[in-house]
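As a plain string of letters, each chain reads:
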Amino acid sequence: MSRVHDETFRALQADVAELGMNRRGFFKLAAVVGGGLVLGTRLTTAAETDADGSGGQLNTFVHIASDGTITIYAPRPEMGQGIKTALPMIIAEELGARWEDVNVVTAPVDSASFGGQGAGGSTTIPREWNRMRQLGASAREMLIDAGATVMELPRDELVAADSTVRHGSGRFMTFGQLAGLAAKQSVPDPDGLVFKSRDEYTILGKSMTGVDNLEIATGAALFGIDTRLPNMLYAAYQKCPAIGGRIRSANVEEIKTLPGVVDAFVLRGNDDPRQLLDGVAVVGTSTWAVFEARKRLQIEWDERRASKDSWAQIKARAESLYGQRGRDVTLDKGNVDDVFRDNKNTTLAAFYEYPFVAHLCMEPMNCTAHYRRGERSKDSIELWLPHQFPGSSIPLLSREFNVAEERITVHQTRMGGSFGRRVFSEYVLEAVTISERVNAPVKLTWSREDDMRHDFFRVGGFQSIKGAVDPSGKLVAFENHFVGMQTGGRPVSGSSFGPKQFPLQNLDDGFVSRTMFGINTPCGPWRAPGSNTNAFVVQSFLSEMAHVAGRDYVEFLLEILGEPRWFEPANVQSLNTGRAADVIRLAAEKSGWGREMPVGSGLGLAFYFCHAAHVAEVAEVSVDANKKLTVHRVTAAVDVGPIVNMSGALSQVEGSIIDGLSTMVGQKITMEEGRVQQTNFHQYPVLRMPAAPPVDVHFIQSDYTPTGLGEPALPPLAPAVGNAIFAATGERVRKMPLTELGFSV
Amino acid sequence: MAQFELEVNGETHRLDVPGEMPVLWALRDVLGLIGTKFGCGIAQCGACTVHLDGVAARACVLSVAGAAGKAITTIEGLGNGTRLHPVQRAWIDLDVAQCGYCQSGQIMSAAALLADNPAPTDADIDAAMVGNYCRCGTYNRIRAAIHSAAVQMSGDEASAGLFYDAAREVRT
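One line per chain: the protein sequences are A and B, in this order. Using this note's numbering, the first residue of the first sequence is number 1, and each one after it goes up by one. Using this note's numbering, the first residue of the second sequence is number 1, and each one after it goes up by one.
Hint data in this document are derived by calculation from the structure and do not stem from the laboratory. The beta carbon of each residue, even a glycine, is placed where N, CA and C say it ideally should be. A hint or two may mislead.
[Unchecked claim] Chain A side only, calculated, beta carbon under 8 Å to chain B, not exhaustive:
1. 129
2. 209
3. 216
4. 225
5. 228
6. 360
7. 416
8. 681
9. 682
10. 688
11. 692
[Claimed, not checked] Chain A regions said to be covered by chain B (calculated; three or more residues, Cβ under 8 Å):
12. 600 to 607
13. 646 to 654
[Stated by the list, open to error] Using C-beta positions, here's what the derived DEER-type ranges look like:
14. A/592 <-> B/122: 17 to 27 Å
15. B/154 <-> A/197: 37 to 47 Å
16. A/599 <-> B/122: 23 to 33 Å
17. B/154 <-> A/701: 30 to 40 Å
18. A/295 <-> B/117: 51 to 61 Å
19. A/597 <-> B/117: 27 to 37 Å
20. A/404 <-> B/53: 50 to 60 Å
Using the sequences provided together with the hints, build the complete structure.
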């Protein structure tokens, strides 16, 4: 698809920058304000013919101009997962549009008009699948109604395709010709709409390039950090290196005299890392001026209430629990003790470890805020915000600043990565507080050091795991002592091992206990929370069990899965053993599983089910005498139902695999005395291009409800590579990152 | 504060900034050229890559004083004013970006490579691109896009099309 005309790209770029919304036309935003939330509720109020009668708003999301330009709102925030392209594709498919005619515009943050506007948990596609199809199909039916009227043909003989309404006789009218009249048609009952079948798709399942690609490739303003406003000031915010420390004193008067500094002041927080922590704000005329000035800060911290967390202590305590059970039993099914005691069976125990890791969004946390003082306390707040749930700031700020929700405007921007990081809003509160104080628009930018040390980390943990195989080599018991982390008495994000973890549902005898350590280091969701570490432990350990049993791992897994069945039919979040077996077989077939490998080389396979996705991956690796690891290829077999955007889906799987490898190889956050010890990329490496393996992706498409692909292809990578390293070297990988075991890439 | 003349994308700008201010921040905060990105500030990630007299340089550790008198090219000036640079074109057509934040730096490194080596091997590409992080993991598409741009720049459009199809075939 060619959306770009080189000759005019500069003019287009200027348009994009100027309007911030529309490349090929302009339509009234006013037409959609106050529009319908979903079909069938208030949708009719959104349908409206343009003032000049030529085009029309067919529903909240779809406008068609008389020149044929179809403008579709992308409601939910883009962080690299491809949703800004994918959701409009679903609408365009049911509409009968030509994708070339579609112009995608980021929706304003307005949940009354657009419904939920968050993105996370790979849930956007399944949540929006039906609604987007309804929006497209509803507009299509209105266009057909209009076509039937104008062409004086029976409506059931008309179809919508290629942005036209056409009849078998060859007569047709374009969407542009019909839009004005179509907007006057009655809105069909959403429950009566008929959707296309997969074999009728002309857009879905195809590779469409990202709608922001031109802007990305030409450096146009897209990201939050690119925001520039008249009279905008720049800010940095220095918090205590020991998480949660308070300020006793700071040399703000001296800082104020430094070049480029406009103001410097202490902010008092509420000790909640998710909100505002104590810190010193430095405000100036450029990001560099405030970054330089903060180097001169002298702050006396009060660390009495600050985090004292120590990774070394956490690790020592966890290791002392090896071989024991936790007091808190979360699953006790059958009788594992009998199985383990039966000396016909073979048992195996192992201890697994994984570290805290950081999100490392390439775009550091930032927020541009303009707090405007109004008369008679009618203050208002405007934000330019990279956030996974941009609308969540509205009630938060309303509460914190006592500003009416309708006086808070949020512009959602593209995010330079998020991976679960930008669900928290402390950087929003920091920016707004600073803007209010200096009475000017302020762009707060975190340094990379701020970003790494004040993350909400992927939690580390330990699992003391045990299994038994019977004399035939079949897995018959599985036990886990999960050593996790909690804050305020509640497990942090991703620190759990639930009763539906594979293979617990497949066995008669299973036992899970846990010991939770209290920590103060902030933790949060990180790409496939829980799954990204549980997959490593379980799939590595099951491969160990297969080896002990003298079994091929694929056979061993397929035997555990058993007959095709869906544990909770119609619940896509529930394991379907048939779909699982199919991706395992496909990954094995496509990777040449079972073939003879040279000395020092090996294949490793892993399967995981999460986010309603069944994924199997095979890594092909070699390891030299110096433990230099080369991952030659990763083969993935993925079942997420039907594919929405093939290019985007491939990107997500490729990226998840590279990300999984990057994290597994060398990433580890440690803390001592409550201080995160890694500050920038020199201490926390991201995988570089020479170490990135080719990725071979195979999808099994079906009519199951599709699910998102931002996360589920990541968890199987680490165990696949670990199992491959064992096949190549005989060394088991029971700990991440690999650099701690002496490996390099 | 001193005055420096900075040549950016063929235009000379007179800047009243401290000489030690990194070019990154002069571009972003003073000149409003926000295509050059801030990633780390210590030349580890390559998000801020620009061309200094045609050679890839990390703008976060390049001072305004040091760049004065030299020609700086940023992502905004990579095209010739009417046409996209073939690397930009390849990035769009091969749908390289995921989040997109690192990609202007990737594109600048790639363009510098191709100016120097019109037909790079995978190993040449790896060596030239090793300083550019992509947190989303788009490295394979970056490699493919550089090969595609190299073919386009050699003037063999038919081959460019073939390569594009072949690249997609491999992935599916």
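Results for each hint:
no.	hint	result
1	129	21 Å, violated
2	209	4 Å, holds
3	216	4 Å, holds
4	225	7 Å, holds
5	228	6 Å, holds
6	360	6 Å, holds
7	416	3 Å, holds
8	681	4 Å, holds
9	682	6 Å, holds
10	688	5 Å, holds
11	692	4 Å, holds
12	600 to 607	violated (count 0)
13	646 to 654	holds (count 7)
14	A/592 <-> B/122: 17 to 27 Å	22 Å, holds
15	B/154 <-> A/197: 37 to 47 Å	44 Å, holds
16	A/599 <-> B/122: 23 to 33 Å	25 Å, holds
17	B/154 <-> A/701: 30 to 40 Å	37 Å, holds
18	A/295 <-> B/117: 51 to 61 Å	40 Å, violated
19	A/597 <-> B/117: 27 to 37 Å	35 Å, holds
20	A/404 <-> B/53: 50 to 60 Å	55 Å, holds
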